[in-house]
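Based on the hints, put chain W in the right spot on chain S.
Number of protein chains: 2
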Amino acid sequence: MPQFVPVDDPADPRVARYVAVRERDLVGHGRRFIAEGEVVLRHLLSRRRFALESLLVAEKRLGHLADELAQVPAGVPVYVASQGVMDAIVGFHIHRGVLAIGLRGEEPTAEALLAGLGPHALVVALVGIANHDNMGGIFRNAAAFGADAVLIDETSCDPLYRKAIRVSVGASLIVPFAREGNGDGLVDLLARHGFEAVALSPRGRERLSDLPRPGRVALLLGAEGPGLPEALLARTRSVRIPMAAGFDSLNVATTSGIALHHLAMQG
Amino acid sequence: MPQFVPVDDPADPRVARYVAVRERDLVGHGRRFIAEGEVVLRHLLSRRRFALESLLVAEKRLGHLADELAQVPAGVPVYVASQGVMDAIVGFHIHRGVLAIGLRGEEPTAEALLAGLGPHALVVALVGIANHDNMGGIFRNAAAFGADAVLIDETSCDPLYRKAIRVSVGASLIVPFAREGNGDGLVDLLARHGFEAVALSPRGRERLSDLPRPGRVALLLGAEGPGLPEALLARTRSVRIPMAAGFDSLNVATTSGIALHHLAMQG
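These protein sequence lines map, in sequence, to chains S and W. The letter at position 209 of the first sequence is residue 209 when you use the working numbering, and the numbering goes up by one with no holes. Just add 267 to wherever you are in the second sequence, counting from 1, and you've got the working numbering.
Chain S with its partners taken away, still in its complex shape (with noise of 0.2 Å):
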């Protein structure tokens, strides 16, 4: 039974990192993250990789959640509210009417990651991912399509941002991550690691539906507009999705999944 603790008033101290998380957002959680939502719950709670610290819930949602609720586990406290109290605690309106104050745990390096895999694992690489909703579309796909990781340089933002969480669909706190290094860094481990690089680009040498799956791979990928840098292209083994003249323009997460969805069916 989770331990359901009643709160009637917006200045609570017990919800206080609860209180106007869109500012918060802003200069980060530390080491706590914000989860929201049904679904974004049931996979922090089944998949157990990081622990909770507490639950904020609308009381008329709790009813609709019982089947989550039930697996919170002991000591973790579920702070229930009305509706409006909540709305006042966060700063706007949570129609989902659940939140979750997530702790990141230890994160692996990239190395360690990399050495736990199989022989057939499927990675994503990214280097400039500064666009949440790009960041929480390409570890939805990697999800969907059973990528084994996501390597992350240090110019990309975090996936455990609250909007790249919700937009991933919880997709963030299943697929294992790592983040360092820049590009050239991730790429020499990639090869350290017997990972063919395949980079995707509007300027790639083969078209990416010719590309027969390697072993073990890893997809990379640059922010839209400025693209992976040129140095990056020319040392990994480059492809790209061909497009309808003078409108040679794909979203980056759409790309990761054209390019997922290819080697998947291959693999």
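Anything over 10 Å on all C-beta distances counts as not near chain S; from chain W, calculated:
hint, residue
1, Glu305
2, Phe317
3, Ser349
4, Phe359
5, Gly372
6, Pro386
7, Ala388
8, Glu421
9, Ala458
10, Gly461
11, Glu473
12, Arg483
Interface residues of chain W toward chain S, partial, derived using beta-carbon atoms under 8 Å:
hint, residue
13, Asn408
14, Ala410
15, Gly413
16, Val436
17, Met510
18, Ser516
19, Ala520
20, Thr521
With a straight-line Cα cutoff of 16 Å, these simulated EDC-like cross-link-like pairs (lysine to aspartate or glutamate) come out:
hint, chain 1, residue 1, chain 2, residue 2
21, S, Lys163, W, Asp400
22, S, Lys163, S, Glu23
23, W, Lys430, S, Asp133
24, S, Lys60, S, Asp8
25, W, Lys327, W, Asp275
26, W, Lys327, W, Asp354
These are computed hints drawn from the structure, not numbers from a lab. Note that CB positions come from ideal geometry on N, CA and C, so glycine has one too.
Relative to the frame of chain S, chain W by itself:
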């Protein structure tokens, strides 16, 4: 030479249609639509599919937009304001520094659109796509993969809504579309014009990657969550995109990109 009109007063009646754009978005702009940003403006000007009523440009962007502004037809006023006055008119910060008001023309019927297409035409048919991000993303993919038209049922949202245009990177100003009837009506119409309707669904009978390209083909997509109604799946060729166990969830715009790529590569 475009007709530049300096505006110093946010209450100037000549720019009244730009006042409080977000509030106006909610009620609709009638036969007008709002386009924002340089790339979107470029598509709007180069394709000449829609008439322009006026532009509103931040003074500091004039030099940067010189090429685009040179293409503005004579008689279309280009209102020029400081960034501060522009933001005060519109009601939020327009960091792209350019807005345009376009005029919807007579839209073709779906019948007329299909009748004008060739023997290898590729169209996208949308049922119940109510989210503007998804609508914009689907149009972006339709343009990128050279789809000839998009048919939209009456429950789907408007591709010329400001956010849909922006997310489409102008593609909803490029790809011809028609909006009418329901999913059944669209499938009837497609059949009469010799299009094979290929419906995407997690419950699809064939794998997308095994699908040979039909001559005239229509990709049928429904909203995430409910998806396409069973009755529509029963009377179309239904295909699925295989996904990892435990996470069978793809964004509908990403789905459109994967399916369009598959068909375009065999086109």
